[in-house]
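Chains as they are written, first to last, in our numbering: chain A, 208 to 621; chain B, 208 to 621.
You may find that some hints are simply not true.
It does not matter which identical chain is used: a pair holds within one copy or between any two.
[As the list claims (entries may be wrong)] DSS-like mimics (lysine-lysine), calculated; alpha carbons at most 27 Å apart, straight line: (1) Lys577 to Lys324; (2) Lys527 to Lys417; (3) Lys247 to Lys475; (4) Lys606 to Lys527; (5) Lys335 to Lys612; (6) Lys247 to Lys527; (7) Lys565 to Lys324; (8) Lys589 to Lys384; (9) Lys384 to Lys612; (10) Lys335 to Lys606; (11) Lys612 to Lys525; (12) Lys335 to Lys565; (13) Lys247 to Lys589; (14) Lys589 to Lys324; (15) Lys606 to Lys397; (16) Lys527 to Lys577; (17) Lys565 to Lys247; (18) Lys324 to Lys606; (19) Lys384 to Lys324.
Everything labelled a hint here was simulated from the structure, so no lab data went into it.
Number of protein chains: 2
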Amino acid sequence: MNRRKFLQKVAGAGAFLALAPKVLAQGAKAFGEAALAPMKVLGIPLTPISQRAATENHVVRYISDTLPSRHTGASFSPIEHFQGLITPSDLHFERHHGGVPTVDPAEYRLLIHGMVKQPLMFDLEAIKRYPSFNQVMFIECGGNGQNGFSRTPDEAMTATRSKGLVSNSEWTGTSLKLLLEEAGLDERAKWLLVEGMDGAAYTRSIPLDKALDNCFLAYGQNGEALRPQQGYPVRLMVPGWEGSTHIKWVRRIEVSDTPYMTRDETSKYTDPNPDGTTSFFTWEMLAQSIITYPSGGQALQAEGFYEIRGVAWTGAGKVKAVEVSTDGGESWQEASLQEPVLSLSMVRFTLPWQWDGKETVLLSRAIDEKDYVQPSRAEVIKAWGYNHRYHYNGIQAWKVLEGGKVVNGDDVLS
Amino acid sequence: MNRRKFLQKVAGAGAFLALAPKVLAQGAKAFGEAALAPMKVLGIPLTPISQRAATENHVVRYISDTLPSRHTGASFSPIEHFQGLITPSDLHFERHHGGVPTVDPAEYRLLIHGMVKQPLMFDLEAIKRYPSFNQVMFIECGGNGQNGFSRTPDEAMTATRSKGLVSNSEWTGTSLKLLLEEAGLDERAKWLLVEGMDGAAYTRSIPLDKALDNCFLAYGQNGEALRPQQGYPVRLMVPGWEGSTHIKWVRRIEVSDTPYMTRDETSKYTDPNPDGTTSFFTWEMLAQSIITYPSGGQALQAEGFYEIRGVAWTGAGKVKAVEVSTDGGESWQEASLQEPVLSLSMVRFTLPWQWDGKETVLLSRAIDEKDYVQPSRAEVIKAWGYNHRYHYNGIQAWKVLEGGKVVNGDDVLS
Chain A
208 MNRRKFLQKV
218 AGAGAFLALA
228 PKVLAQGAKA
238 FGEAALAPMK
248 VLGIPLTPIS
258 QRAATENHVV
268 RYISDTLPSR
278 HTGASFSPIE
288 HFQGLITPSD
298 LHFERHHGGV
308 PTVDPAEYRL
318 LIHGMVKQPL
328 MFDLEAIKRY
338 PSFNQVMFIE
348 CGGNGQNGFS
358 RTPDEAMTAT
368 RSKGLVSNSE
378 WTGTSLKLLL
388 EEAGLDERAK
398 WLLVEGMDGA
408 AYTRSIPLDK
418 ALDNCFLAYG
428 QNGEALRPQQ
438 GYPVRLMVPG
448 WEGSTHIKWV
458 RRIEVSDTPY
468 MTRDETSKYT
478 DPNPDGTTSF
488 FTWEMLAQSI
498 ITYPSGGQAL
508 QAEGFYEIRG
518 VAWTGAGKVK
528 AVEVSTDGGE
538 SWQEASLQEP
548 VLSLSMVRFT
558 LPWQWDGKET
568 VLLSRAIDEK
578 DYVQPSRAEV
588 IKAWGYNHRY
598 HYNGIQAWKV
608 LEGGKVVNGD
618 DVLS
Chain B
208 MNRRKFLQKV
218 AGAGAFLALA
228 PKVLAQGAKA
238 FGEAALAPMK
248 VLGIPLTPIS
258 QRAATENHVV
268 RYISDTLPSR
278 HTGASFSPIE
288 HFQGLITPSD
298 LHFERHHGGV
308 PTVDPAEYRL
318 LIHGMVKQPL
328 MFDLEAIKRY
338 PSFNQVMFIE
348 CGGNGQNGFS
358 RTPDEAMTAT
368 RSKGLVSNSE
378 WTGTSLKLLL
388 EEAGLDERAK
398 WLLVEGMDGA
408 AYTRSIPLDK
418 ALDNCFLAYG
428 QNGEALRPQQ
438 GYPVRLMVPG
448 WEGSTHIKWV
458 RRIEVSDTPY
468 MTRDETSKYT
478 DPNPDGTTSF
488 FTWEMLAQSI
498 ITYPSGGQAL
508 QAEGFYEIRG
518 VAWTGAGKVK
528 AVEVSTDGGE
538 SWQEASLQEP
548 VLSLSMVRFT
558 LPWQWDGKET
568 VLLSRAIDEK
578 DYVQPSRAEV
588 IKAWGYNHRY
598 HYNGIQAWKV
608 LEGGKVVNGD
618 DVLS
């Protein structure tokens, strides 16, 4: 739905007056000393670079205080504070396996070797000279949402802690296919081993078909150079696949005819099945969505108009629709999607809602372009059980209590 | 052109080998101590918020050192360092008239009054409760490019100083039309006076038609709250019009039947004509483009493959095409535009180029959806003369010297 149609749908003269007069009453004392103070002094002069307002410094990533070490673990993006599709670069979620290496761009090298006609070593300047392109794209940790596997949902759950291991940025880079073609692929080539320059020598196997389809080497994020936490100076991008394949600080790509079964694709990032077997190489991220407003930890002021807001994404390509329920799943309405809806990018959805002041449960479910529907928590647990760690994409329920407080609405399952 | 077609066009096995072997030779000593050092230590631990790499700290805004005061003036975005469409929020160009006020969001109020049925006062929370939307949009200062009016082009010109008073962001906000409808417009209403909360009480007149068409009140930029330099907590957005109409820290919108002829729309932001008259209310920004790589101050390494890169934008809506000349204007080729091309957003263009090592001049010209073609510097000067300050949109020429140094290629005109 375009913006004009949307406004026609939700608005009309005086449609929101239930909101405004209340504010007007509060405003009787506005433009008092405090509101006028900034106009009476010279402000901050021009600066080479801007800082955020001090009153926004609470918007930071969440780091669990139970981590044994902050060198191996994750920090969560504060997704309920974000107001668009772009995740600010300094708040993109992190997942590291040996801390963030400090790489001197002048010393940076990328080696492509193995089953190639001619091994090549690129410096950063060479990589940047190749044809460039930009793609707005989400990255999601394979472990995002894993709180959903808990037997006892945490009432104090927030959107950050529920699904904050996902972020969305404009990435700039060059085609991996192009660089592989420069080296010349041996006809036996079927797999790549991609290795990072961190203390963990973090390493994953990538099928050559995927690499040639749409992988790229990124050196830019949201207009600037990658931040160290995102792989400065160069990281691999594997659109739609679990974040752990997007090797940061990439130093080496070895072409092979077989996967390498590295530590982080065998002991981790694998999925135990209820029948006792284990699935590995489960790369593509499933359709997900989450309501970020209202969401856990927030509070509504009073009954009246609210715009339900959230984000959705899928590794399958485009989000086709997002449906929202404001009555705990008894009925569903199709939300508006912010245009343009881009493949493999997050999409923002909204739905106008009149809250009657009574307790209710809000739900959202994403539907991807292949008509896959995001499942309920009960469906995920039924299929995979509790002994699981990755690829949880169950619906996050938020319960709005009388009085406006919002808490986790996920049920305790049998 | 989509990415696949583009790669087919420019690539093919070994198409760039002229680049790579040179790098390979340099790479013989790579993976020496310096390149491997980061792998031998634990890196930086998880952090609530990330900093840029220290080696990127040269990417900052430019501020002229001849300004009488840094409270009134502009800082320029380092556009040749940007790698995508999004301008990092902390590097968005600035233009202030009395410094940047420090506004307490709890004390913030917006008054809509004048020719309305019911004056309304909104606090920040109320504004954010209205239906929201996002738009990727450029803002350009009306004075951008004014160096082009100089009789003596500066050989050391850079892209930053030439056209860096433009930036592009994803903005989040709510429709101004909606808030005006809440107040209820008097039938005499034809103009708005919009006033900022800065020390200059910076104030402009906006026609009601424009306000109802597509103006909005923004509180978010690139996913985060506006930075103080961009109007925290709320600014007016006037898509496609000169930046000076996008009132920051907006506190008051007064509805009227006549424009107000404020200081900053009479003594400034007006255009003297060669016949001695003066044009005012020249709001819409004209089609522009600039090559950012290679551009002034940069240096090419050696003959061979380069991708010419740049950005284009127009207040008229969509950029339809960008043409590039690599021979000083004798011939022109159509550049590739990064998709999606969004109306009123910057667009990125690229053109593959083989440099033969000889001196030449690079040019780019944007063509908008109404078939308006960005003029040459000579055409602009012929039409408007040198005694002009705003809306310069002449082509920026870059001269590539033998040896690879890039300097201003603008001619001294008669």
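Inset, instruction - List in ascending order the numbers of the hints, as given earlier, that are violated by the structure. - result: The structure breaks hints 1, 6, 7, 8, 9, 11, 13, 14, 15, 17, 18; every other hint is satisfied.
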